[in-house]
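Protein chains in written order, with the numbering used here: chain Y, 30 to 686; chain B, 622 to 736.
Hints in this document: simulated from the structure, not taken from any laboratory.
Treat the hints with care, since some could be wrong.
The calculated DSSO-like cross-link candidates involving lysine-lysine, where the alpha carbons are at most 27 Å apart (straight line), are [claimed, not checked]:
| hint | chain 1 | residue 1 | chain 2 | residue 2 |
| --- | --- | --- | --- | --- |
| 1 | Y | Lys-638 | Y | Lys-580 |
| 2 | B | Lys-733 | Y | Lys-178 |
| 3 | B | Lys-708 | Y | Lys-333 |
| 4 | B | Lys-655 | Y | Lys-207 |
| 5 | Y | Lys-604 | B | Lys-671 |
| 6 | Y | Lys-155 | Y | Lys-168 |
| 7 | Y | Lys-387 | B | Lys-714 |
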Amino acid sequence: MDSLAEYANAGVTVKWPYPIRYGEEKEVTGDVLVLGGGIAGCWAAISAAKKGANVVLVERAATIASGSGGPGCDHWSLAITGNPACPLTAEEVSEAIIDSLEGHYNGISTYLTARESYDTLLELEKMGAKIRDTEDEFKGAAFRDEETKLLYAYDYTNKFTVRVWGNTFKPALYKECKRLGVSIQDRVMATGLLTEGGNEGNRVIGAMGVNVRTGEFMVFKAKATVMCTARSTRVWYSPTEETGLYYLSPPTAGGSTMAWRAGAEFTMMEKTHQAGTMIVGPCHGAAHPGNTWFPATMVDAKGKEIPYVDRDNNVLKTVGERNRPSPGQKFMLPDHYRTDEYDFIPPGTMTIEEMVEKGEYTLPLFADLTRMPEEERRVIFGLMVGQESKSRSTYKYYTEAGFDPEKDMLQGFQFIAPYAYGITGVGRRSPTYASALGSRNVRTAYGGGLVVDWDLRTSLDGLYAAGWSIFSGGAHPEAACTGKYAGRHAAEFATGISQGDVDRKQVENEMRRIYGSTKRNEGIDWKELNHGINKVMQVYCGEPKGDELMKLGLDLLEDLKWETDTRSFSTDPHKLSRMIETMEILTTAEMILHASMARKASSKYLGFKRWDYPTMDPEEWRKFITIKQEAGQVKLGELPLRYWGDLAENYEAHCLL
Amino acid sequence: MNTKRDEEVYVFPNAPTPTRPVIFDPDHCNGCNKCVSVCIMDILLPNPEKGKPPLVVFPDECWYDACCELHCPESNAIRLNYPLMWKVPWKRKETGDYHWVGEKNPLPPNPKPPV
Ligand SMILES: Cc1cc2nc3c(=O)[nH]c(=O)nc-3n(C[C@H](O)[C@H](O)[C@H](O)COP(=O)(O)OP(=O)(O)OC[C@H]3O[C@@H](n4cnc5c(N)ncnc54)[C@H](O)[C@@H]3O)c2cc1C
Ligand code: SF4
Ligand code: SF4
Chain Y
30 MDSLAEYANA
40 GVTVKWPYPI
50 RYGEEKEVTG
60 DVLVLGGGIA
70 GCWAAISAAK
80 KGANVVLVER
90 AATIASGSGG
100 PGCDHWSLAI
110 TGNPACPLTA
120 EEVSEAIIDS
130 LEGHYNGIST
140 YLTARESYDT
150 LLELEKMGAK
160 IRDTEDEFKG
170 AAFRDEETKL
180 LYAYDYTNKF
190 TVRVWGNTFK
200 PALYKECKRL
210 GVSIQDRVMA
220 TGLLTEGGNE
230 GNRVIGAMGV
240 NVRTGEFMVF
250 KAKATVMCTA
260 RSTRVWYSPT
270 EETGLYYLSP
280 PTAGGSTMAW
290 RAGAEFTMME
300 KTHQAGTMIV
310 GPCHGAAHPG
320 NTWFPATMVD
330 AKGKEIPYVD
340 RDNNVLKTVG
350 ERNRPSPGQK
360 FMLPDHYRTD
370 EYDFIPPGTM
380 TIEEMVEKGE
390 YTLPLFADLT
400 RMPEEERRVI
410 FGLMVGQESK
420 SRSTYKYYTE
430 AGFDPEKDML
440 QGFQFIAPYA
450 YGITGVGRRS
460 PTYASALGSR
470 NVRTAYGGGL
480 VVDWDLRTSL
490 DGLYAAGWSI
500 FSGGAHPEAA
510 CTGKYAGRHA
520 AEFATGISQG
530 DVDRKQVENE
540 MRRIYGSTKR
550 NEGIDWKELN
560 HGINKVMQVY
570 CGEPKGDELM
580 KLGLDLLEDL
590 KWETDTRSFS
600 TDPHKLSRMI
610 ETMEILTTAE
620 MILHASMARK
630 ASSKYLGFKR
640 WDYPTMDPEE
650 WRKFITIKQE
660 AGQVKLGELP
670 LRYWGDLAEN
680 YEAHCLL
Chain B
622 MNTKRDEEVY
632 VFPNAPTPTR
642 PVIFDPDHCN
652 GCNKCVSVCI
662 MDILLPNPEK
672 GKPPLVVFPD
682 ECWYDACCEL
692 HCPESNAIRL
702 NYPLMWKVPW
712 KRKETGDYHW
722 VGEKNPLPPN
732 PKPPV
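Work the whole structure out from these sequences, hints included.
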């Protein structure tokens, strides 16, 4: 018997194996406190420790495996400055990314990543990660740099995305944190920030948290704090029992809402998208032509190939052509800067949806790796699918069941939405399809986060941010590079300041807030609360949006807060941690609704459609809307697009290198 | 557990779904609890009987990230158990037949290891 259900069926009860310490307090002090031990958090801890700071790292799971990067990483992008194989400059690629979204992006994190990504990857290798084809598995392949043995992806001419053995990354980072003496506090969930005098908007002087196995209350005192807890998941959907949602970040994250309660400024919270492309199955086991699977050959049910086309609508006949810029085009943009659902269809092109309607193609569609050159097939299904723990298990279970990429075609589960590889002008369009949900008005993720300046400092003194805690924070290399950069700044800030005084009232209020549900044995559990939030967000914050709908959504969330205050229950520390997390998700939902109500225009760059303000991106709305909390009220503000100014100049002035 | 005709039948709440995201092989598992300590969702608990495979206590929260498998020191001690909704078909070109993980009459395995 190894499942609780079997024990229960046998009439055996299992005692909670860890001591229960609700309300007992433990204090830990450091110079720099890092909240969240994912990719950004580990790098922040490492870089602050290298600057001589005494670092405390708080992680709600286990640092060695936690977070979106825990399973691994199959492509490392923006390896530009310092990369001998890449002829591009950090400026031109960053500008192209920012231009493609007309400024609705984070220029600071993009540019500093383009500057530091290559060196960061080499640093990771020194810690023990595997990044090169040292066994010469792919000797002579078009994507291999023979000198360095690095394997590139996507743009084989400009070579700035590296294919890597990503499941070695998190263990290497963990080991390095240990080596540097970082005090790792695993299984502790941060719940609130400590501020000077206990007041919102004041300097951040540490954080509070709870041990997710014992329920013990933790007080962390620090001179500088770095938020690396990423974004909330489970806002529109909860993966429990809907395991197909599994591609999204681990459903452990409550986001950076504690910074909201402390009065920090957020932006782009109204940007949402449908990231549920893998909604039905193992994400690496269902076919699609983007990301890991690019440039897989796509065919219809009768074996007819669906062509890749370039920005000028020229059909790219060979696999090789898919990985080279078009004539007159300097480079291809990395895949994750696409804005899938909007506009990036070259003029005059038919969507796959139209083509299917016209009878040109027969569903379902497949990824036909058999038609690809041997090394292209093997680098997709063998290296990229094979070297994250998630994809490694896909590889294992598929091959065990007989799947052979030389003989078999994987079915795609998405049929109609266009998938743009890269962006108009510099991009490439792959064959496409749509969500299995069938309904494109359902969102699954958001893109907002903390506002940061060139020090990666938030609007609060003493509080820095990195990775997915920052607005528009990008993928794995961005998390690593912003983490490293924020760690340096936090360490520097900490050298010039003393510890703050913890306000007892703030601690007591936090205890009251988080332990409420442990006082009851019945009522609503975290799952019911989560599904309640999800339904509100699906109905009142889907697409298109409107003021009246969203207002009603906020009222319903308010009601859920009252339900939580009066009826929530959790019977062990694990369920307590899920309950607290779900309360954070509720706050995230409110923040998204407030930001969405504040933007009275639609925007293709933000994936934002309103039926009451249908005009897309009118001139007066081309700006960032910021939100923060002040005395219990939501305060709106704005920032100009490209508020970061000259990229190179500001980076040089602030990078601390 | 099978309930036989003449046994007493007790009532239990529905089991969480999926009931079995990971399966342990007691012949290979050494009970070291490494998987318990790395589990991303913290859904496993040490078995009350020392040396036995851990208990899956919150199966409905599994993220199927397989970090437990990655960090397990033994081979074949723990494996993911795909839920029914993950029957994603592939098509064998020569035959036109569809197959998927967990089908009734599976193909022979493809022994090729990953890179
Ligand atoms: C399956 C998968 C594959 C991916 N593959 C790639 C890829 O090949 N290339 C690429 O560039 N990107 C990839 N990404 C994206 C990349 O992993 C993320 O961009 C990156 O991990 C974000 O880093 P982060 O530190 O902001 O968040 P995470 O790495 O998710 O870290 C956040 C951490 O904070 C912890 N945490 C959350 N809340 C709290 C709290 N309250 N208290 C304490 N701790 C908390 C979480 O447990 C987690 O460990 C992938 C993502 C997924 C999900
Ligand atoms: S499955 Fe592996 S890691 Fe888990 S207890 Fe057994 S041997 Fe240890
Ligand atoms: S797959 Fe992930 S969530 Fe599931 S048991 Fe393994 S480590 Fe835990």
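Going through the hints against the structure:
no., hint, verdict
1, Y:Lys-638 <-> Y:Lys-580, "holds (16 Å)"
2, B:Lys-733 <-> Y:Lys-178, "holds (23 Å)"
3, B:Lys-708 <-> Y:Lys-333, "holds (24 Å)"
4, B:Lys-655 <-> Y:Lys-207, "holds (18 Å)"
5, Y:Lys-604 <-> B:Lys-671, "holds (25 Å)"
6, Y:Lys-155 <-> Y:Lys-168, "holds (23 Å)"
7, Y:Lys-387 <-> B:Lys-714, "holds (26 Å)"
Checked against the numbered hints listed earlier, the structure breaks none of them; every hint is satisfied.
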